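> Here are the chains, one letter per residue:
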Amino acid sequence: MSVVAPAPAKEVRSALAPRRSGAGMWPVVAGLAVIAVVFGSINNHFLSPENLANLALQMAATGTISLGIVMVLLLGEIDLSAGSVSGLCAVTMAVLHVRHGWDPVPAIGVALALGLAIGLLHGLMVTRIGMPSFVVTLAGLIGWQGLLLYLLGQGGTINLPFDGLLARLSDTWLPNWIGWLLAALIVGAWTAGGLISRQVRRRAGLPHHSALRLAINLATLALALGAAVMILSADRGVPLLLVIFGALVVATDLVLQHTAFGRWMYAVGGNAEAARRAGINVRRIRVIAFMAASFFAALGGMLAASRLAAVNQSSGGSDTLLMAIAAAVIGGTSLFGGRGRAYAALLGILVIQSITNGMLLLNIDSSMRYMVTGGVLAIAVAIDSLARRGNPR
Amino acid sequence: MISVRDVHKRYGAVQALTGVSLDLHLGEVVALVGDNGAGKSTLVKVISGVDVADEGRIECEERTVRIANPHDAQALGIATVYQDLALCENLGVVANLFLGAERRRWSLLRHAGMERSARDLLASLDVRIADIQAPVAVLSGGQRQSVAIARALVGEPRLIILDEPTAALGVEQTAQVLDLIRRLRDRGLAVLIISHNLVDVRAVSDRIAVLRLGRNAGEFRTADATQEAIVAAITGAAV
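Respectively, the protein sequence lines represent chains Z and H. Numbering of the first sequence is given in the numbering used here, commencing with residue 292 and proceeding in unit increments. Numbering of the second sequence is given in the numbering used here, commencing with residue 1142 and proceeding in unit increments.
Since the hints were made in silico from the structure, they are not lab data. This one's a predicted model, so the numbers in the text were calculated from it and none came from an experiment.
On the chain Z side, residues computed to face chain H include the following (Cβ under 10 Å): (1) Arg-494; (2) Ala-551; (3) Arg-554; (4) Trp-555; (5) Tyr-557; (6) Ile-571.
Which chain Z residues face chain H? A few, computed with CB under 10 Å, are given here: (7) Thr-550; (8) Phe-552; (9) Gly-553; (10) Ala-558; (11) Val-559; (12) Gly-570; (13) Asn-572; (14) Arg-630.
All C-beta atoms in this analysis are idealised placements derived from N, C-alpha and C, irrespective of residue type, glycine included.
Take these sequences, add in the hints, and give me the full structure.
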């Protein structure tokens, strides 16, 4: 028995209108442009290839943590423990690797598994006991920090060998030709994806983008990637750390947009009761989101340790967590759940790190830096709140 | 198609259902009526897997089945449209229609295939929505009701349960929904509607089952029943 009528009626062309989902990413992109112009005009070193390469290195660790924050924010939850967890996992890795002489790869594996286990614990406390995620992860913020200090013990700092896998990770620069090849492959993949999607929609008789629109999108992507590779090649090349972070962001977004799991994340964030009635295992989605948050935190901890070539008592401490959350929100992830893309982590951390980097270049005190970052965060949340209120319910 | 046999359900101190039975057949619209607190919603929750009965059993085509969660009900071909519609406001129409039943290939969502079916389905129900990708939050109340009913049809169910389908609608939209319910029956589906509105119930149903204080309180063929007899069964007054 089929309930589907045979005759495809006249399609409504307005379906080509852009998806209305909050303010989208354009405010952030505009903000980035303003930041670039302001700092670039005050200090001509800001837009230099060397500084932009440093910027790329600086944002990878916190950006990866922020990616995990996006996953929990999509459900309308929060993870305050991400900073502590990143530090704890980095310390665990360093203790195994340096003090116990493990190979780096199994040490990293254990540390990442620890991240997953912590996320599982948080998720179960939220879903099984019904504790608010704010409290669960606040306890985590304090508790995991304590465990970090305990593991680190006396001394307080563990240096990673400079010629080891981890230290080399953040000092690896792709040769120019690989950078260009990578950019070409990405543009090629996007072109193929766009063409296939357009072809499929056309064959199904659905409204589809014009070839011109597709070409403009692809040209924008190619220009952005080309500019990035060109600037970074003028310095030391494309940093491997940036490639890793970028790949994580793209992979996460593809999962969120094109798998049922991703669809269910948005559904649970939008209306958990509706998702439950649709037969979605809401508990499992929640637990997985917390595991993803802690996993990305652990991964970010590895990247931070790699960049510092050491772990110490302030690993994952100070403003790491706050910057990760601020980045996710500035990038356009709604605190109310159900809206946002993985790209928010990339755009948001780019804004925050640009401000930090630019102010350091100008020798401005960190008091000023915090105030400006706070202001940007407030503006981002204001835009989110207004966009939400603008939606007729 | 589905038979409920001697079901009991208790919430804390409240005995919501006491030995309730109900038979539903393909190609027939059954209306479930009763006063507030009569147990209509509880019975629907038990059939749709939202709640599990304390005692009693549910049979599907002569076989006893277990409906422990909404997924079990879905697998048996039972779809429910709740009064609060249960739509995800942040998702588009297509995403809502296929929520929990997404079509996939190699675990990737089949966006185009789902949108094609969604457009065909909405066209067959004479539902007009300008931007099918826009979040449901921007649709009108009538459009959302239509999306919710269309969504119940996506899984190609055999039984559709409609909880107060006309409660929030105007005269013209009510007529459209009643037409839609008749179309569902003509397609051979079993339909169970819960309603306070006896006019709508008499207009569309084939059979009326009355609940009162959690017990069966009478069953009528709509064609033979008088309004007075139904009201008497609902209120418990002697005829």
